[in-house]
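These are the residues of each chain, in order.
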Amino acid sequence: MSGKDVLRNPLTGFSMLFMFATILVIYVSMWLSFTVLGLTPSAVVTSAGAPVMDALDSAGVALVDVGAEGRNAEITVHDGRVYVLLDASNQPAWNPIWIGLRDAGFAADAITVVDSDGDVKLDPLRANLGVAAMLGIASIAFIGTTVPLVAMRERGLLRLFGTTPLRRSTFLLAQLPARVLVAVVPITLTVTIAVWQRYLDGLDVLGLGVTFLLGTAMLLSFGLVFAARSRNAEATQQSMVMLTIMLVFASGGLLPASILPAVIQIAMNCLPTTWLATAASATLTGSEPFFPLTVLWALMAVTAACAAGMAARLFEWDQSEPRRRQPTIRREKVQAQL
Amino acid sequence: MIDRTSDVIVVNKLCKVYGTQNVLRGIDLTLRRGEVFGLLGPNGAGKTTTLETIVGLRQPTSGTVTVLGFDPAKDRREITERMAVQPQAAALFPTLTVWETVQLFASFYTAPRETADILREVGLEQAHQMRVKHLSGGQERRLLIGIALIGNPEILVLDEPSAGLNPSARRKLWDIIEGQRKRGGTVLLSTHHMDEATQMCDRLAIIVDGRVAAEGEPEELIRQYSATATVTFTVPRPVTSTDLAELGLVGNITTTQIGAETHARVVTEDPDTILRKITFSPRLDAHDYRVQRGSLEDVFLDISNSNPSTKSSTGRP
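Just so you know, the protein sequences line up as chains A and B, in that order. Throughout the first sequence, residue numbering follows the numbering used here, covering 1 to 338 in sequence. Throughout the second sequence, residue numbering follows the numbering used here, covering 1 to 317 in sequence.
In isolation and in its complexed conformation, chain A is listed as follows (with noise of 0.2 Å):
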């Protein structure tokens, strides 16, 4: 269908990576700024063997002894988990001891990190990974589906679309190729970034994949049923915008929902959009989902089928014409003005 002409107008491509775009860097910048750059960690390792003396070192933490000057973290070992205090006053750049505690074969939940004033802290790259790979998605449906099928409609091509054989289920079905392809781009880099930072347990292709497929064929069902009727691609086009950012805050990529009150967290969670990004962030950083994987997926697929059938059945070639309220009354008014 459209497909060659989405991947040959780079413009197309841009603005449907574009908020994924930012929201990366953003995250990224995040991390930089609270994990990476700082003072080198020179840690004091206690219970530890030598492997993971090895990996710390490997990963770039300086070893020294209690008492040493210049030290600002102190890493415990005990009962196959990790405790790490870093000095509140001093505070080093941790990512080091993560990826040589991830490298000695410690569970991305085994590990704990505070600081010497009692704050614990938290990798903002790996927090938000699933919120970032959800709306990746959420653009290519919304910014990237929704506002061009408008267009279509608004500049007649959708119109003459209506009357060729061309049916309208086939005709939504094939926005899906390209649109998936496109979605592939930051599901890889997730992915990636996740494989780097070794947040992962083992790469769980099976999860991935399902709460990819999922995920994607229900924000992409989600951004046809958008396309239904609209007519107006300005209009359509700030409302997917708002919609996307939106979607960011209430998947908790702006403020932890921990921080939100109960009412605003069960409201967050209801949302579709909020299943995907938890499920990624799962699959993606072992985070504990508030709903077991299998069933946010189930929600994910039910919510798919029920927006595509939606989707055929709504969508409309030609929304040019105003509808009739009370047809029967008009219908009569005509009759007798002739």
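Hints are computed from structural coordinates only; laboratory data are not their basis. A hint or two may mislead.
[What the hints assert, rightly or not] Far from chain B, some chain A residues (derived; all Cβ distances over 12 Å):
| no. | residue |
| --- | --- |
| 1 | Glu-74 |
| 2 | Arg-81 |
| 3 | Leu-160 |
| 4 | Val-241 |
| 5 | Leu-243 |
| 6 | Leu-260 |
| 7 | Ile-266 |
[Unchecked claim] List time: in silico EDC-like cross-link candidates among lysine to aspartate or glutamate, alpha-carbon distance up to 16 Å:
| no. | chain 1 | residue 1 | chain 2 | residue 2 |
| --- | --- | --- | --- | --- |
| 8 | B | Lys-74 | A | Asp-318 |
| 9 | B | Lys-182 | B | Glu-219 |
| 10 | A | Lys-121 | A | Asp-87 |
| 11 | A | Lys-121 | A | Asp-103 |
| 12 | A | Lys-4 | B | Glu-100 |
| 13 | B | Lys-277 | B | Glu-246 |
| 14 | B | Lys-277 | B | Asp-288 |
| 15 | B | Lys-277 | B | Asp-298 |
| 16 | B | Lys-74 | A | Glu-316 |
Just so you know, these numbers come straight off a predicted model, no measurement behind them. Positions of the beta carbon are idealized from the N, C-alpha and C atoms, including for glycine.
Guided by the hints, dock chain B onto chain A, whose structure is given.
Then chain B, alone, in the frame of chain A:
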């Protein structure tokens, strides 16, 4: 042999209301197989709405439309394989080439014509590798017509196909319409070009204010609506209108003296009698006779400018 007696499109008392505005007020039309039928009318008269209702893009508020025995608003699948539309304007995919665009549309039909054949017919074979965004306005319009032809339709609906085309491109368009007619296809076209309507259309309807104000063959309409003709001739000596009236010439007579000659002009409803009287009047010795009948443009202007409420309900004289 084309059966030109069967009706392929029947529009009966078609009304269309947008909000409080009555756009169509009881249109009646019948198109026969193999004919080229034109819709004329001033802007906003309801031509495009009529076409869009016929092709199923709009639903009638009241009245019926039957195309090849089907309701175009409901039986879309049956209609679209057999009827194609060239819309007034549609922006195609800008980065696709001409060839790819035609092939894309060909993929919608069960038995499409060859892409090369279509491009040859619309004169775009040289531009087949050009991207749509680089086509001129005329080329893009020809591509839209090519797209309409790809499914080898029985009925071809053209909405102002010659708008914005240069004279040579218009000739090419007329050839395409003629080709469709020769293949036995029916053509329904709306146009603002009177010469096109006169030359191409077997029959036409003039729509004014949502009604069919006149319908028939172009010559017949000219005869009916533009009854007067102008007879001009030259007399090789000075004569006056009174002299000519005395010879029995009935009509609005004017004379102009140019040197020794008189140029006379008679506007009459009976040019044949005037010609006979001039010819058989030995005293007159007239020469350079010329008879100019009314044109479709005169008919169109006459009907468009007259009050539509004075016409009958069907608009037919």
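Tested hints:
no. : hint                  : verdict
1   : Glu-74                : 60 Å, holds
2   : Arg-81                : 56 Å, holds
3   : Leu-160               : 4 Å, violated
4   : Val-241               : 23 Å, holds
5   : Leu-243               : 26 Å, holds
6   : Leu-260               : 44 Å, holds
7   : Ile-266               : 44 Å, holds
8   : B/Lys-74 - A/Asp-318  : 15 Å, holds
9   : B/Lys-182 - B/Glu-219 : 22 Å, violated
10  : A/Lys-121 - A/Asp-87  : 12 Å, holds
11  : A/Lys-121 - A/Asp-103 : 19 Å, violated
12  : A/Lys-4 - B/Glu-100   : 10 Å, holds
13  : B/Lys-277 - B/Glu-246 : 11 Å, holds
14  : B/Lys-277 - B/Asp-288 : 15 Å, holds
15  : B/Lys-277 - B/Asp-298 : 27 Å, violated
16  : B/Lys-74 - A/Glu-316  : 14 Å, holds
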